[in-house]
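There are 2 protein chains.
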Amino acid sequence: MKIYLDSREMPSHFYNIVADLTNRPLPPLHPQTKKPVGPADLTPLFPMELILQEVSTARKIPIPETVREIYSLFRPSPLVRALRFEKALGTRSKIFFKYEGGSPSGSHKANTAVAQAYYNKQEGVKKIVTETGAGQWGTALSFACAQFGLECEVFMVKGSYDQKPYRRSIMQTFGATVHSSPSNLTQAGLEVLREDPDSLGSLGIAISEAVEVAVQDPSTHYALGSVLNHVLLHQTVIGQEAMLQFEKVNEYPDIIIAPLGGGSNFAGVSFPFIGEMLRGGKSVRSIAVEPASCPKLTRGVFGYDFGDKSGYTPMLPMYSLGHDFIPPGIHAGGLRYHGASALCSQLLKDGLIEASAIQQIECFEAGLLFAKTEGIIPAPEANHALAQVVREAKQADEEGKEKTILFNLCGHGHFDMSAYTDFIQGKLVDHELEQELLSKYAASVSTDLLNQG
Amino acid sequence: MKIYLDSREMPSHFYNIVADLTNRPLPPLHPQTKKPVGPADLTPLFPMELILQEVSTARKIPIPETVREIYSLFRPSPLVRALRFEKALGTRSKIFFKYEGGSPSGSHKANTAVAQAYYNKQEGVKKIVTETGAGQWGTALSFACAQFGLECEVFMVKGSYDQKPYRRSIMQTFGATVHSSPSNLTQAGLEVLREDPDSLGSLGIAISEAVEVAVQDPSTHYALGSVLNHVLLHQTVIGQEAMLQFEKVNEYPDIIIAPLGGGSNFAGVSFPFIGEMLRGGKSVRSIAVEPASCPKLTRGVFGYDFGDKSGYTPMLPMYSLGHDFIPPGIHAGGLRYHGASALCSQLLKDGLIEASAIQQIECFEAGLLFAKTEGIIPAPEANHALAQVVREAKQADEEGKEKTILFNLCGHGHFDMSAYTDFIQGKLVDHELEQELLSKYAASVSTDLLNQG
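Just so you know, the sequences run in chain order P and A. According to this note's numbering, the first sequence is numbered sequentially starting from 50. According to this note's numbering, the second sequence is numbered sequentially starting from 50.
Do not rely on the hints blindly, as some may be mistaken.
[What the hints assert, rightly or not] Output of the computed footprint for chain A on chain P, the stretches with three or more beta carbons under 8 Å from beta carbons of chain A:
no., stretch
1, 142–156
2, 222–235
3, 388–395
4, 466–476
No lab work stands behind these hints, which were simulated from the structure alone. Here a beta-carbon is modelled for each residue, glycine too, at the ideal position from N, C-alpha and C.
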């Protein structure tokens with residue numbers, strides 16, 4: 050069962066949850082002075098409109114007409130009831146998913162990429178530099194830049210660069226230049242390579258490289274695919290559409306589930322529903338799922354930390370494993386990030402959302418069953434949501450309850466087939482992280498600054 | 050602009066163009082006796098219901114409810130107006146496409162795979178063996194078999210097997226066993242390997258292998274992804290949906306374009322419209338596009354020929370390059386077949402459709418522009434349709450006309466990214482075929498049998 054919306058029913062604005070929060074996140078701090086950053090600190094990286102969105106407390110921010118026009122290539126996305134998956138699980142619960150895999154990048158990332166490229170173009174920027182992990186964000190930005198005639202340069206985490214040649218190829222097809230990160234093109238990259246010439250890289254390192262390139266040229270900006278408020282904001286089109294789609298079939302989710310790398314995917318689907326709850330509407334449980342091998346929400350420290358490896362970015366108040374932490378090379382590259390967005394972190398701290406950490410084999414078991422029954426091969430990131438969906442459905446069945454579960458199928462896994470081959474051949478391994486190791490890296494997360502922030 | 054249909058608006062029947070033809074195709078002939086084949090000749094390969102469909106003259110054949118239920122995972126498929134592509138071309142014409150890339154296999158092949166698996170299951174078959182070129186058909190059948198608990202074994206043309214490891218992987222994810230063809234598992238394969246140990250294979254060879262395996266076990270059947278009447282029949286859901294979608298926006302195509310490998314894709318989108326025309330409805334130009342390196346429609350011979358390399362299959366009345374012809378290793382693996390279905394061949398012979406042969410570089414130029422503007426990376430096969438769309442739009446502009454063009458975007462190119470890389474890097478080559486070579490192979494096409502058939 051698919052619930053479609055007409056293109057005229059596409060959201061007209063982004064939803065800003067900050068407007069509905071009692072406890073708003075603490076401000077970002079300047080990496081050197083440790084004082085709250087002002088707009089001027091960010092202008093080398095972002096266009097002013099995005100900086101304003103980053104600090105906005107308005108509930109609604111209008112979506113520009115040009116952005117909506119490009120959205121209409123892939124939005125509104127369908128809300129689907131996974132009837133055959135439900136049947137295979139033998140559950141009494143109803144399982145719905147929002148399918149974001151139909152976009153040009155094959156994931157939700159296109160939602161913010163188009164908006165960010167638009168605002169940069171408006172401000173006369175010529176080129177955008179970014180990082181990418183699994184490749185979904187880099188692909189989305191490549192496509193978005195092509196729509197506005199912007200150059201696009203992508204630092205791709207080496208692990209993924211080597212593992213996913215087709216991802217490189219799709220970015221190049223959309224016209225982008227792609228580098229393996231750590232590269233020898235930046236100081237940040239060279240430093241990492243000096244320490245470890247075989248480094249597989251990390252999102253933290255790739256961000257440092259992209260930021261370093263962006264600040265050197267006034268006509269070049271940087272773009273981030275998750276973590277920041279404005280990125281989460283753009284993704285709320287997902288949840289807003291889902292809400293309208295549920296309305297059309299007289300349903301409402303009891304539980305919302307999404308994977309969490311930086312937080313934009315999770316925020317995108319859940320924030321509009323959480324906002325509804327905060328304004329006195331229906332109650333909803335929102336569960337962010339992270340890999341057990343990168344467990345910032347369940348085993349990280351809440352404090353101020355850098356967004357990147359080299360400490361170029363502002364410090365953010367967030368759950369973090371420490372910016373030097375490099376997660377094991379699991380297949381869900383998009384979830385291999387040391388921190389969670391300030392907004393998601395604040396909501397977790399305040400008990401408004403829940404977190405769950407799952408090992409990758411359990412995730413792929415759920416993903417394979419979903420592929421066989423629903424005919425969509427989920428991205429490894431999305432398999433994390435699926436594993437939690439299975440857990441919740443089983444739990445409800447055991448308790449004799451019938452839940453309505455919504456999860457965000459954030460992207461397809463067409464460029465991750467080697468992960469499925471590994472899984473089928475029994476080559477996938479789970480990673481147990483020792484507390485000692487985690488504590489070592491977490492020491493760099495500053496809880497002292499929380500009082501100052 | 051996307052035009053969706055509700056799942057209740059999905060076609061309730063397959064449309065059989067035979068009912069509306071004045072000149073029906075001649076019957077298939079037995080490979081040894083050269084007499085028309087009877088149902089008994091085909092029972093080792095196909096379930097009776099499909100054999101009956103193969104010879105049916107009824108206009109409408111009901112789609113079983115179970116098949117429609119599985120279709121609802123990916124059908125009705127959207128009809129989309131390619132506004133940004135039109136703008137990039139600067140054309141006055143309207144370009145619409147039916148998007149079949151949202152299916153489990155990423156192509157139109159799922160339409161017939163689900164139906165064929167269903168009828169085989171109904172008849173107690175345990176396993177289906179098939180061939181695949183680009184991998185789209187094998188993927189579709191793998192998924193379909195998984196829905197009915199059937200085993201699936203796929204002989205994949207070696208050129209594609211080596212070029213597309215992810216295609217193998219997706220078939221295995223759906224539970225199929227995949228062999229590189231020519232293989233050493235069959236007499237047909239061994240014979241080819243004896244002559245040429247480095248053979249890249251062909252669809253004709255892979256069909257021989259699959260048929261050979263199927264006939265050896267009564268609980269195993271064979272399935273073909275194109276060419277036969279019943280396969281074309283199942284694909285007519287595409288054109289039927291498109292017709293209803295055009296109706297909703299008060300449009301009607303002047304020109305319908307699709308690539309032609311065996312003919313099912315082309316037939317699927319065009320036959321319902323051609324049928325309308327044959328019954329006195331609106332006139333439409335339907336153009337089948339083939340690669341210039343496998344030009345059966347434009348440079349082949351109309352006569353009786355085998356469907357496979359080894360002469361195991363019945364002989365069909367068709368345009369053929371000769372069953373020994375092995376096309377150059379172009380990237381559109383799905384179009385590397387020596388013959389065209391009897392139905393498409395008959396329509397071409399009778400002037401009811403047109404044919405066009407295009408070199409692959411022109412195709413990829415059109416495909417790249419489409420990817421950048423519409424955000425969908427077309428399969429190399431679909432790029433052939435796109436190149437013809439560009440030609441028709443330009444032609445209309447030159448003549449000061451405004452046409453409504455429909456093409457079938459039969460699949461996405463996510464598993465064909467190496468082709469795009471080759472194109473971007475200037476490594477793609479066009480192949481000119483000498484008439485002498487073509488004549489040599491075409492000598493095996495029997496025009497004498499046309500009188501007998």
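**Hint check against the structure, violated hint numbers in rising order** = 3
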